[in-house]
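Trainee: Chain residues, written in single-letter form:
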Amino acid sequence: MESSKEAWQQQLVKCIRCGTCRSVCPVFQAVDNENTTARGKVKMIEAVSEGKLELTPELQERMGKCLLCKACATGCPSGVKTDELFLSARQALVEKNGLPLLKKLAFTGLTYRKLFDTGLRLGAVFQDIMFKDAPGGRGKQARFPLPGAGLNARRIIPPLAPTPLRRQLPAINPVEKPQARVAFFAGCMLNYIYPQAGRAIVDLLRINGVEVVIPPGQCCCGTPAFTSGDYETGRYLAAKNIEALEPGGYDAVITGCASCGAALKHEYGQILEDGLLKDRWRKLTEKVFDISQFLVKLDYRRHLRSLPLKVTYHDPCHLVRGMNVAKEPRELLKAVPGLEFLEMKDANRCCGAGGTFSMVYYDLSRQINDQKLDNAAATGAAVLATGCSACRMHINDGLQQRGGSLQVMHTAELLAQACGIPQEVVK
Amino acid sequence: MKQNTALVAALRQAVGDNFVLDRLEDRICYSFDATFKDGLPDVVVKPASSAEVAAVVKIANDYGVPVTPRGAATGLSGGAVPLQGGISLVLTRLNQIIRIDAANRVAVVETGVVTENLVNAVNRAGLFYPPDPASAKTSTIGGNIAECAGGPRGVKYGITRDYVLGLEVVLPNGEIIHTGNGVDSEMAGPDWTMLLVGSEGTLGIVTKIWLRLVEKPAAKQTLLSIFSSIDDAATTVSKLMASGTIPTTLEIMDNLTIRAVEEYLHIGLPVTAEAILLIEVDGSAAAVAKQSLHVAEVCRQCGAGDVKIAATPEEMEQLWKARRAISPACGKINPTKISEDATVPRSQIPAMVRKVKEIADKHRLKMVIFGHAGDGNLHPNILTNKHDTAEMERVDAAVAELFRAALELGGTLSGEHGIGYMKAPFLKWETGETGFDAGKKVKAAVDPDGLMNPGKLFDVQQ
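As you go down the protein sequences, you meet chains A and B in turn. Sequential numbering from 262 applies to the first sequence in the numbering used here. Sequential numbering from 231 applies to the second sequence in the numbering used here.
Hints are computed from structural coordinates only; laboratory data are not their basis. As the structure is a computational prediction, the values presented were derived from the model and not from experiment. Do not rely on the hints blindly, as some may be mistaken.
[Said to hold, decoys possible] Distance condition first, Cα-Cα at most 35 Å in a straight line; then the derived DSBU-like pairs of lysine-lysine:
hint: 1; chain 1: B; residue 1: LYS367; chain 2: A; residue 2: LYS588
hint: 2; chain 1: A; residue 1: LYS588; chain 2: B; residue 2: LYS587
hint: 3; chain 1: B; residue 1: LYS587; chain 2: A; residue 2: LYS326
hint: 4; chain 1: A; residue 1: LYS539; chain 2: B; residue 2: LYS587
hint: 5; chain 1: A; residue 1: LYS606; chain 2: B; residue 2: LYS288
hint: 6; chain 1: B; residue 1: LYS367; chain 2: A; residue 2: LYS606
hint: 7; chain 1: A; residue 1: LYS313; chain 2: B; residue 2: LYS288
hint: 8; chain 1: A; residue 1: LYS313; chain 2: B; residue 2: LYS616
hint: 9; chain 1: B; residue 1: LYS658; chain 2: A; residue 2: LYS606
hint: 10; chain 1: B; residue 1: LYS587; chain 2: A; residue 2: LYS313
hint: 11; chain 1: A; residue 1: LYS571; chain 2: B; residue 2: LYS367
hint: 12; chain 1: B; residue 1: LYS616; chain 2: A; residue 2: LYS266
hint: 13; chain 1: A; residue 1: LYS342; chain 2: B; residue 2: LYS551
hint: 14; chain 1: B; residue 1: LYS367; chain 2: A; residue 2: LYS342
hint: 15; chain 1: A; residue 1: LYS501; chain 2: A; residue 2: LYS571
hint: 16; chain 1: A; residue 1: LYS558; chain 2: B; residue 2: LYS538
hint: 17; chain 1: A; residue 1: LYS357; chain 2: B; residue 2: LYS288
hint: 18; chain 1: B; residue 1: LYS538; chain 2: A; residue 2: LYS588
hint: 19; chain 1: A; residue 1: LYS313; chain 2: B; residue 2: LYS450
hint: 20; chain 1: A; residue 1: LYS595; chain 2: B; residue 2: LYS267
hint: 21; chain 1: A; residue 1: LYS342; chain 2: B; residue 2: LYS288
hint: 22; chain 1: A; residue 1: LYS606; chain 2: B; residue 2: LYS587
hint: 23; chain 1: A; residue 1: LYS342; chain 2: B; residue 2: LYS267
hint: 24; chain 1: B; residue 1: LYS616; chain 2: A; residue 2: LYS342
hint: 25; chain 1: B; residue 1: LYS450; chain 2: A; residue 2: LYS595
hint: 26; chain 1: A; residue 1: LYS544; chain 2: B; residue 2: LYS562
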């Protein structure tokens with residue numbers, strides 16, 4: 262606690278309370294309450310550090326009402342690292358007040374890789390008992406509200422894949438005369454929910470002469486745990502992943518999920534304590550690339566065929582602000598012959614998902630998502646491409662709630678299609 | 231405490247449970263604006279209409295608690311800080327643009343409309359609302375009126391005051407009046423509207439506004455003039471204004487500012503220059519071309535080493551990017567930036583620049599000079615650290631001397647930030663004893679119980 266207070270001080274003193282955060286925070290713009298702005302939260306943390314406010318459950322609730330979309334951090338004229346500050350505050354609050362029981366159970370589950378895997382595979386078999394197919398075929402809808410899990414009966418979640426990605430593919434996916442050998446960090450959502458996007462990533466790498474290894478020891482990147490303030494689980498998972506990805510002398514570690522990528526490349530830096538493991542992680546970060554960053558460096562254009570589609574792109578927070586990736590996916594999409602790229606208004610504004618945020622504040626996250634859907638619809642695009650499975654799920658849910666013909670795809674899937682790689686059609 | 235419970239219950243009754251916040255966590259979030267002092271409100275209230283504002287004010291009267299109105303609380307003189315607790319009255323739910331009347335060039339808006347939203351809506355209607363405070367993305371029109379905000383375009387177009395035609399105001403007793411009118415701001419009797427603009431919520435709460443709109447200029451052009459002497463740059467400002475061309479904006483940046491911005495942006499600013507002037511002219515295409523040449527000529531006559539005229543919109547944008555980057559760039563040097571607002575007649579700019587440098591040296595402070603030189607509003611900014619108590623004492627002394635210097639040169643305490651609590655102790659220097667006394671009497675007549683935004687303007691403990 263004392264050490265985190267010192268780290269807080271350095272950021273707190275920088276806030277000039279100018280209120281610029283009011284103009285960029287999606288949550289503030291929806292609720293118009295200063296307790297959701299970055300400067301409001303900075304002020305509350307300052308009050309804690311000055312002993313004027315306790316680490317109350319009510320404070321924990323206010324710190325939780327944040328998408329961690331980093332818009333305030335990027336937009337701050339004084340360069341306050343609000344994202345790191347709020348994460349650190351969440352950690353201090355969890356240390357004091359603990360986690361809600363269901364989060365505690367869920368995060369414990371993440372640490373038992375085999376158990377987690379078995380659970381989700383069984384889930385794929387038994388999901389029809391709790392969920393029914395949603396009309397329109399976009400996914401599943403709960404048969405009854407599951408409020409404990411943060412599920413609203415209206416909410417559409419995608420079905421769990423009958424066979425997860427990592428059971429569909431071997432650990433080593435060789436190519437003849439490889440020009441590079443990479444590790445693919447699949448993450449949970451590509452593995453269990455959108456394996457077709459994971460396959461597209463592996464296929465794209467292979468047709469470009471890259472051998473793809475899917476190291477078996479990898480597990481959840483830890484984002485849901487450490488963003489909820491559970492650093493302990495986050496550290497445990499980080500260590501497991503560093504151990505899985507470090508050996509093998511890979512030329513690169515490829516991610517296809519914005520949150521996994523941002524965690525591996527930057528955010529572990531905040532949760533890991535100084536020491537040997539952190540040094541090892543630092544070396545690893547140089548090799549972490551989002552699939553779009555890696556593809557643009559290859560001679561990918563020679564495979565592209567005509568794909569006459571109108572496409573728009575949504576910047577996931579953890580790609581555009583977490584990994585500084587925005588131009589690469591656009592370059593890839595614009596390179597496809599016949600594809601008409603249509604930029605949407607505020608493409609880099611959060612879609613409202615925010616991980617566990619959308620479970621706790623479903624209506625609010627829908628309200629924020631509505632703007633995204635309006636902006637996407639205004640382009641007249643048939644397909645919305647994005648690089649984050651959580652965004653994809655949330656946008657799809659919105660389309661189901663409001664109706665709309667937009668199809669949501671991972672950038673890699675669209676590209677694989679343009680390269681003539683056969684695919685399952687999954688919404 | 232019992233008193234507070236009854237107050238909160240009455241407020242909930244008036245505006246609804248969801249719009250009354252009394253938990254400590256939330257009150258902390260409404261205890262500040264963009265200045266340094268805090269004032270914890272006892273309760274935060276968010277009415278949705280002028281009728282609800284009036285109801286809240288009446289309740290405040292019943293319970294004898296102070297009311298501090300606020301919009302986005304981006305002010306730089308402390309107008310929105312609830313210094314004496316009581317009610318923080320948040321006006322952002324009154325956020326409707328009621329009408330943009332293109333034929334009569336009038337906009338009717340509620341007080342909580344974000345300035346930029348109004349500017350965009352006016353633009354779409356083919357017209358122009360010129361005031362452009364730096365906080366326009368966030369600030370509200372009501373706040374702009376309360377503090378009489380300005381902006382770079384003030385040189386040519388004037389400040390918020392020059393666009394207010396009429397107001398709907400909730401008086402300190404909870405009654406509602408209208409001042410001015412929506413046509414030409416003429417009214418029978420004295421100009422109450424002007425009394426209320428800049429009154430910082432001490433005389434009443436503005437809830438609805440009639441604003442004057444103007445024609446959108448067809449073209450604009452940006453120039454950058456580079457000076458090896460800041461005196462020459464300062465002289466250019468007064469020469470230019472006297473010579474017939476009134477630029478839209480005329481911004482000055484001194485060497486420390488130039489270096490900070492270049493360090494931050496790496497866009498090739500002249501780091502050895504002692505000062506640069508960033509000048510924009512607007513009007514018809516022909517007028518813009520003529521004015522640009524004239525501006526360049528005057529700059530050269532006054533000793534500019536180089537004058538660059540932006541050739542493309544991208545180049546123009548690049549130049550303004552440098553101006554907008556000053557705040558973050560200075561933030562990298564020192565964490566705390568105290569932005570002062572003392573303003574002098576344009577002809578006195580060279581003298582004021584010398585004075586500012588003298589004061590900075592005397593108190594061993596890092597001070598950058600940038601701002602709206604065209605209307606004498608220099609914005610000397612002190613870069614410091616609010617936790618360095620010894621240095622902060624020197625800052626206080628320097629600020630007082632800056633005000634003194636500005637007034638001695640025939641200037642004013644505030645170009646566009648207002649008085650708030652920060653400059654209230656100095657107000658008498660500007661008004662004189664008699665003027666200050668008159669101000670206090672006006673305040674006492676309109677707000678006999680002194681409940682409206684106490685601790686600001688004329689209500690100051692000397």
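Trainee: Which of the listed hints are broken here?
Mentor: Hints 2, 3, 4, 5, 9, 10, 15, 16, 17, 19, 20, 21, 22 are the ones this structure does not satisfy, whereas the remaining hints hold.
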